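Participant: Given these sequences and hints, build the entire structure.
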Amino acid sequence: MEWFYRLVDTLLPFDWTEFGYMKNALLAIILITPLFGLVGTMIVNNKMAFFSDALGHSALTGIAIGVMLGIDNYLISMMGFALLFALGISAVMRKASSSADTIIGVFASTGLALGVVLLSVAGGFAKYSSYLIGDILTVQPEEIAMLGILLLVILVAWVLFFNPFLLTSMNGDLAASKNIPVGAIQQVFMLIVAVLVTVSIKWVGVLIINSLLVLPAAAARNVAKSMRSYHGLSVIFSVISGISGLIISYYAGTAAGGTIVLVAAVIFFVSFFFGKRRMRVSA
Amino acid sequence: MNEVKRTTCKCSTEIRNLSVTKRDGILLHDVNLDIHHGEILALIGRNGAGKTTLLKALLGRIPYTGSITFHDPEGKRLSHPHIGYVPQNMLFDRDTPMTVLDMLCANLTRFPVWLGHRKQQRKEALEMLKRVGARENLLDKRLGTLSGGEMQRVLLAFALYPKPDLLLLDEPVSAVDRMGIETFYDLVTVMRKEHAMPILLVSHDLAHVEKYATCAALLDKTIIVSGPVRQVMQTNAVKEAFGLKLAGGK
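So the sequences go chain by chain: A and B.
Residue numbering for the first sequence follows my numbering, starting at 1 and increasing by one per position.
Residue numbering for the second sequence follows my numbering, starting at 1 and increasing by one per position.
Among the hints, a few may not be true.
[To be verified] Distance condition first, Cα-Cα at most 27 angstroms in a straight line; then the derived DSS-like pairs of lysine-lysine:
(1) A:95 - B:56
(2) A:95 - B:141
(3) B:211 - B:221
(4) B:130 - B:141
(5) B:22 - A:225
(6) B:163 - B:141
(7) B:221 - A:225
(8) A:127 - A:202
(9) A:276 - A:47
(10) A:47 - B:56
(11) B:141 - A:276
(12) A:95 - A:127
(13) A:95 - B:221
(14) B:119 - A:225
(15) A:47 - B:141
(16) B:56 - B:119
(17) B:221 - B:22
(18) B:211 - A:225
(19) B:123 - B:56
[What the hints assert, rightly or not] These stretches of chain A come out as covered by chain B in the derived footprint (C-beta under 8 angstroms, 3 or more residues):
(20) 150-162
(21) 195-209
(22) 252-262
Keep in mind that the hints were calculated from the coordinates and are not lab data.
Note that the structure is predicted; figures quoted are calculated from it, not measured.
All C-beta atoms in this analysis are idealised placements derived from N, C-alpha and C, irrespective of residue type, glycine included.
Facilitator: Spelled out as structure tokens, the structure:
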């Protein structure tokens, strides 16, 4: 970590980088925002924005289960529960006749309510309310290492499985005709989303995480022409919102997570109008 | 059943006793059908007769009872056949920033298309487009901006790689203008003749079926009649199903 601190001191000799926690937060953001940008593209392609939101909500129940089992690191119980939750949603969606958003909505509210109830039984929900909006400034060096590993793992998966992901998201029948195991591919993707959401929920928060997954990709979609520019722009928008949101929050004294989302939202609206104008010009 | 027996059977796809049931009833019942190498078999029938269900079963997308077996031209059994599939009015999100090149390359290679395309792949994709008579400049167009005819060509190019052991065409020209229809079918006929490709064609348009298909099968939950296209077209079952006045039926 020392080399990174020195690097920041040399390259960015500003007020906001003076504190160790700001340096940590910066590094965490540099590692995690490209993932939001990358995975977000496929969430938007698959129209799964509501699904990833539900996964975020389920994290509260995951934490509660961890508390009840007496596990110190809630990450394990959160991830375990999120995976069960994701598999549960996909199993019910295959069987049930209700529409996907209804089923996901049912799961999302159950996950949230169950978490709140279980955590309030244990002695007051206030202790855990930080999970609702998260706090990137509390990130610890060993947690940053974990984010680095997560970045590597998801990058590898994104290289190995992207083409099947893409064809599956485009049209399931078409993908199946190319011998792509559509069901398995969808589950691998859900798994990636579940892991990403639960690992980052502590710093980003249940209420905000989905905005970070969806906004950069949605903004990139407004202006991109190909898969490459879609991904490139989504990652760039995500990293820019992350870093500038962090800096603005320092000077404005606001919560980092919310500020980051607001920057991403501004980028979305700018890209929306820019994209509209371009459509008119080319039409 | 007046199935016409063949002396030299070059079976590509054998469908035996295939049934599909859903909660709300029987979709397909005891379907028996052979698709041979080098023939265009037209699957005809009214709406809701189970044509799309049969295609989904062939693609392995829905559970069924009975058996479907695939063979190569030498008669060897294929456990994982390559199926070329050209869907009708393919449902996809037209706003997705995905070019024709992205789509073709996602099928050509494992190299993830979000990282871009290698020169070699671009060349191969271009060859695929040329083979189906599509213009080169389609390559960098977004899928959402293609016309019906252009999309159909791209889907055919996509279906033809790797060389399919069975080609499924589901109402392939419903979104294409008159000129495009002729060219599309001419192309498919070339595929059949040059590569002895077995082709299953789902169509409503009896004129096209008579002109381009070699065999036909009338489906209504099960195969009502099948055989060489001219014979099948003359049967009362077909005339009734399509309400042809000449038959003296409905």
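Participant: Now, for every hint given, state plainly whether the structure supports it.
Facilitator: Now for the hints, and whether the structure bears them out:
1. At most 27 angstroms may separate the alpha-carbon atoms for a hinted pair to count; residue 95 (chain A) and residue 56 (chain B) meet this at roughly 18 angstroms.
2. At roughly 38 angstroms between alpha-carbon atoms, residue 95 (chain A) and residue 141 (chain B) are farther apart than 27 angstroms, so this suggested pair is violated.
3. Our distance criterion of 27 angstroms between C-alpha atoms is met by residue 211 (chain B) and residue 221 (chain B), whose separation comes to about 25 angstroms.
4. A threshold of 27 angstroms between alpha carbons decides the hint, and for residue 130 (chain B) with residue 141 (chain B) the separation of about 15 angstroms falls inside it, so the pair holds.
5. For the hint linking residue 22 (chain B) to residue 225 (chain A), the alpha-carbon distance of about 41 angstroms lies beyond 27 angstroms, and the restraint is violated.
6. The suggested pairing of residue 163 (chain B) with residue 141 (chain B) holds, with an alpha-carbon distance near 25 angstroms, which does not exceed 27 angstroms.
7. Distance restraint check for residue 221 (chain B) and residue 225 (chain A): the Cα-Cα separation of roughly 44 angstroms exceeds the 27 angstroms cut-off, and the hinted pair is therefore not satisfied.
8. Note on residue 127 (chain A) and residue 202 (chain A): the hinted pairing holds, with a Cα-Cα distance of about 13 angstroms set against a maximum of 27 angstroms.
9. A hinted pair counts as satisfied when its Cα atoms are at most 27 angstroms apart, and residue 276 (chain A) with residue 47 (chain A) qualifies at roughly 21 angstroms.
10. Distance hint between residue 47 (chain A) and residue 56 (chain B) is fulfilled; the C-alpha atoms sit about 23 angstroms from each other, no more than 27 angstroms.
11. The hinted pair formed by residue 141 (chain B) and residue 276 (chain A) meets the criterion: a straight-line CA distance of about 18 angstroms does not exceed 27 angstroms.
12. For the suggested pair residue 95 (chain A) and residue 127 (chain A), the alpha carbons sit about 38 angstroms apart, so the restraint of at most 27 angstroms is broken.
13. The suggested pairing of residue 95 (chain A) with residue 221 (chain B) holds, with an alpha-carbon distance near 24 angstroms, which does not exceed 27 angstroms.
14. With a C-alpha separation of about 19 angstroms, the suggested pair residue 119 (chain B) and residue 225 (chain A) falls inside the 27 angstroms cut-off, and the hint holds.
15. At roughly 23 angstroms between alpha-carbon atoms, residue 47 (chain A) and residue 141 (chain B) fall within 27 angstroms of each other, so this suggested pair holds.
16. With a C-alpha separation of about 35 angstroms, the suggested pairing of residue 56 (chain B) with residue 119 (chain B) is violated against the 27 angstroms cut-off.
17. For a cut-off of 27 angstroms, the pair hint linking residue 221 (chain B) to residue 22 (chain B) stands: about 13 angstroms separates their Cα positions.
18. Under the criterion of a C-alpha separation no larger than 27 angstroms, the hint pairing residue 211 (chain B) with residue 225 (chain A) is inconsistent with the structure, at around 40 angstroms.
19. The straight-line distance between the Cα atoms of residue 123 (chain B) and residue 56 (chain B) is roughly 32 angstroms, outside the 27 angstroms bound, and the hint therefore fails.
20. By the rule of at least three residues with a Cβ nearer than 8 angstroms to a Cβ of chain B, the coverage given for the stretch 150-162 of chain A holds, with 4 such residues.
21. Against chain B, the stretch 195-209 of chain A contributes 0 residues with a C-beta closer than 8 angstroms to a partner C-beta. That does not satisfy the three-residue criterion, and the hint is violated.
22. With 0 residues having a Cβ less than 8 angstroms from any Cβ of chain B, the stretch 252-262 of chain A misses the three-residue criterion, and the hint is violated.
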